[in-house]
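Enquirer: For reference, the chains in residue letters:
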Amino acid sequence: MQHPKISRFIRQRCCTLLGVGPMSRNCVDAAIEISNQHDVPLFLVASRQQIDAEEFGGGYVNGWTTAEFARYIQENDSKGGIILARDHGGPWQNNHEVRQKHSLRQAMESAKRSYKADIEAGFEFIHIDPSTDIWGEPCIDEVLARVFELYEHCWAAAKRKNKDIFFEIGAEKQSGDIGALDEVDYMLSKMRTFCRKNHFKFPSFVVVQTGTKVAEMKNIGSLGTPFRVAHELPVEIQLPKLVDICNRNNIFLKQHNTDYLNDDTLSFYPKLGIHSANVAPEFGTRETLALLDLFDKFGLAALKERFLRLALDSGKWDKWMLPETAAGDLEKAVIAGHYVFSSPAFAAIKEELEKKLKGKIPGVDRYLTEDIKKGLMRYLRNFRLLGLEHL
Amino acid sequence: MKRAAVIIINRNLPEVTDRLRQFIKSSDGDVADVFVIESGSDPDKLSRYHTWWANWEESVAQGLRTPRGFNYALSRLLEENRFKDYDFFFLLPNDAEFEGPGAVKRLMKEMELHPRLGILAPCAKTWGEYRLLGKNVTKYFWYISPGPWFFRRQYIEDVMERDSPDHMNFLYDGTNFRGYESNIELIAKGYANDWGSAITTKVMVQENESYLKTRAEVIKTDPYETNMLKYVEEGKKWLRRKYGFNNRWTLQMYSKFFYEKFFDYYPGLKKYRI
Chain L
1 MQHPKISRFI RQRCCTLLGV GPMSRNCVDA AIEISNQHDV PLFLVASRQQ
51 IDAEEFGGGY VNGWTTAEFA RYIQENDSKG GIILARDHGG PWQNNHEVRQ
101 KHSLRQAMES AKRSYKADIE AGFEFIHIDP STDIWGEPCI DEVLARVFEL
151 YEHCWAAAKR KNKDIFFEIG AEKQSGDIGA LDEVDYMLSK MRTFCRKNHF
201 KFPSFVVVQT GTKVAEMKNI GSLGTPFRVA HELPVEIQLP KLVDICNRNN
251 IFLKQHNTDY LNDDTLSFYP KLGIHSANVA PEFGTRETLA LLDLFDKFGL
301 AALKERFLRL ALDSGKWDKW MLPETAAGDL EKAVIAGHYV FSSPAFAAIK
351 EELEKKLKGK IPGVDRYLTE DIKKGLMRYL RNFRLLGLEH L
Chain E
1 MKRAAVIIIN RNLPEVTDRL RQFIKSSDGD VADVFVIESG SDPDKLSRYH
51 TWWANWEESV AQGLRTPRGF NYALSRLLEE NRFKDYDFFF LLPNDAEFEG
101 PGAVKRLMKE MELHPRLGIL APCAKTWGEY RLLGKNVTKY FWYISPGPWF
151 FRRQYIEDVM ERDSPDHMNF LYDGTNFRGY ESNIELIAKG YANDWGSAIT
201 TKVMVQENES YLKTRAEVIK TDPYETNMLK YVEEGKKWLR RKYGFNNRWT
251 LQMYSKFFYE KFFDYYPGLK KYRI
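Line by line, the protein sequences give chains L and E. Just so we're aligned, residue 1 is where the first sequence starts under my numbering, counting upward by one. Just so we're aligned, residue 1 is where the second sequence starts under my numbering, counting upward by one.
No lab work stands behind these hints: they were computed from the structure. A couple of the hints might just be wrong.
Lysine-lysine pairs mimicking DSS-like chemistry, simulated, CA-CA at most 30 Å apart [to be verified]:
id, chain 1, residue 1, chain 2, residue 2
1, L, K218, E, K271
2, L, K350, L, K373
3, L, K374, E, K237
4, L, K241, E, K271
5, E, K271, L, K213
Computed from a predicted structure; not experimentally measured.
Could you build the full structure based on these sequences and the hints that come with them?
Expert: Following this line, the structure appears as structure tokens:
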């Protein structure tokens with residue numbers, strides 16, 4: 001079952017929709033402004049690390065809880081183009097559940113409470129991804145059993161609150177493994193049986209592996225290059241096959257990890273039949289680079305050094321690095337920069353920066369927001385989300 | 001009369017080339033003639049079995065690579081009035097290593113079973129397609145990675161240059177020096193002319209890339225990584241110059257479009273569609 005507005009937009013424009021990771025408050029503002037200026041629906045796809053329910057302490061983005069985040073959007077999105085979406089909800093998708101070494105049952109209950117908060121706050125799209133398991137890799141049937149349990153829970157929660165929600169399923173193992181084709185087919189067939197039996201809506205989106213993978217500040221997947229990866233299907237075969245499977249099942253194909261691909265590749269998404277694509281870390285690093293640019297432009301070396309140290313010491317770059325990375329401290333700090341934007345230490349740096357730049361620029365946040373908007377526009381153009389006059 | 005011509009391309013790796021030539025000769029010599037084209041090799045690094053030696057200045061300096069090398073061999077066969085002697089042409093890079101003997105015979109047999117096949121490519125165990133197909137299976141594809149390809153003469157005649165074919169234009173486009181997406185170009189031309197392209201797991205082959213990775217200096221070619229970069233950079237320019245395509249995916253869609261049409265015209269072959 002498709003979201004009527006989204007479905008109509010995709011079909012009328014022959015476009016690819018954009019899911020924006022809310023990497024920071026400025027990033028959220030940029031998405032709202034772009035959506036409103038161009039009358040384009042944009043998903044804000046929040047991971048549980050970024051935004052989560054109050055009982056989990058919120059997320060690293062502006063310290064927002066799910067309810068606060070949703071309220072902020074509802075208050076500022078005057079044209080209602082922003083669609084709130086949970087990205088990778090599910091057990092152990094919040095560090096808290098990992099650190100506490102939750103059992104499966106505890107993690108599932110925790111995930112359910114997080115989803116409940118999403119639905120109550122007004123999230124319209126719910127991504128159910130129970131593929132993470134700190135106790136071992138679950139097989140497809142175990143994953144499906146967890147999907148069904150969470151789906152049922154969300155459906156019931158939405159009914160109780162009289163909310164209309166839509167679902168996204170699928171995980172991102174980030175590979176072009178041939179098993180992915182059979183797995184998608186199998187998953188969709190089981191999903192259809194489950195939905196029919198329970199009179200639930202069929203999911204709107206399925207996340208599939210289309211040869212994208214983000215590491216450091218690049219996309220190292222096979223989509224952007226013509227070289228094959230051993231034991232994997234060439235993306236030239238895999239992607240059209242997946243599009244066929246999705247079309248046959250009347251479900252939209254969602255790509256994750258779309259960051260850092262070049263315009264040549266991105267501009268082909270609508271033609272390839274990719275219905276929607278998520279971009280997240282690219283906007284975070286873009287904002288950090290714009291901030292560094294400000295420090296440089298105005299000769300604020302000491303302040304820049306304080307920020308770089310703060311970002312580097314956060315260690316948040318670690319999960320993004322390639323095993324044999326050649327990245328230096330600067331690159332690591334850029335990768336980690338947006339994770340510290342809501343810290344008190346950064347607030348102090350920013351306050352000083354504002355003072356030093358008073359009268360020289362319209363404001364630090366405005367400067368950064370405008371820069372992120374340029375990054376968003378790259379996707380709007382390539383994905384044919386703008387009117388014809390912009391192409 | 002032997003029905004197949006096997007053409008091996010060599011550049012400064014005589015021992016590797018000789019080994020492959022001997023292997024083909026011993027297992028398929030009764031059905032195939034084997035030719036070796038020297039792609040600007042040094043005089044002391046020629047295969048002892050070499051048939052032709054492209055030794056003009058440019059070929060010595062940079063080699064002929066796949067497109068110009070195989071074009072040159074095919075054009076020589078035509079000049080020597082031997083092109084029409086063969087029903088099939090097996091174009092082999094010298095780093096091809098087959099799993100078991102009789103590859104040519106098995107490929108010929110498969111081509112006979114599939115009279116609308118223009119191109120047949122052996123599969124490799126390191127390809128995802130191997131798991132997609134399973135053992136002893138042939139299926140038609142809109143995309144096949146470059147490598148050892150078995151061609152039907154009628155296909156070549158349908159797509160080849162007719163006016164003065166030479167090393168620049170016989171089958172491949174020689175202006176596409178490194179052969180960027182030349183595989184898709186040939187497949188698309190095939191489907192557009194009612195010829196299918198397939199991968200078969202009835203013949204398994206592996207290209208031993210270690211020669212390119214570790215012996216680039218001996219081969220007198222660009223280091224592996226440099227070659228990859230130039231392959232894309234120069235190839236994208238070629239694609240734009242020739243077709244006005246800014247993206248390799250355009251060529252891919254072009255191929256897929258004719259692939260789908262092919263099965264409309266030959267519905268009986270749908271069982272071989274992936």
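Enquirer: Which earlier hints turn out false for this structure, listed by number in ascending order?
Expert: Going through the list in order, the structure violates hints 1, 5 and respects the others.
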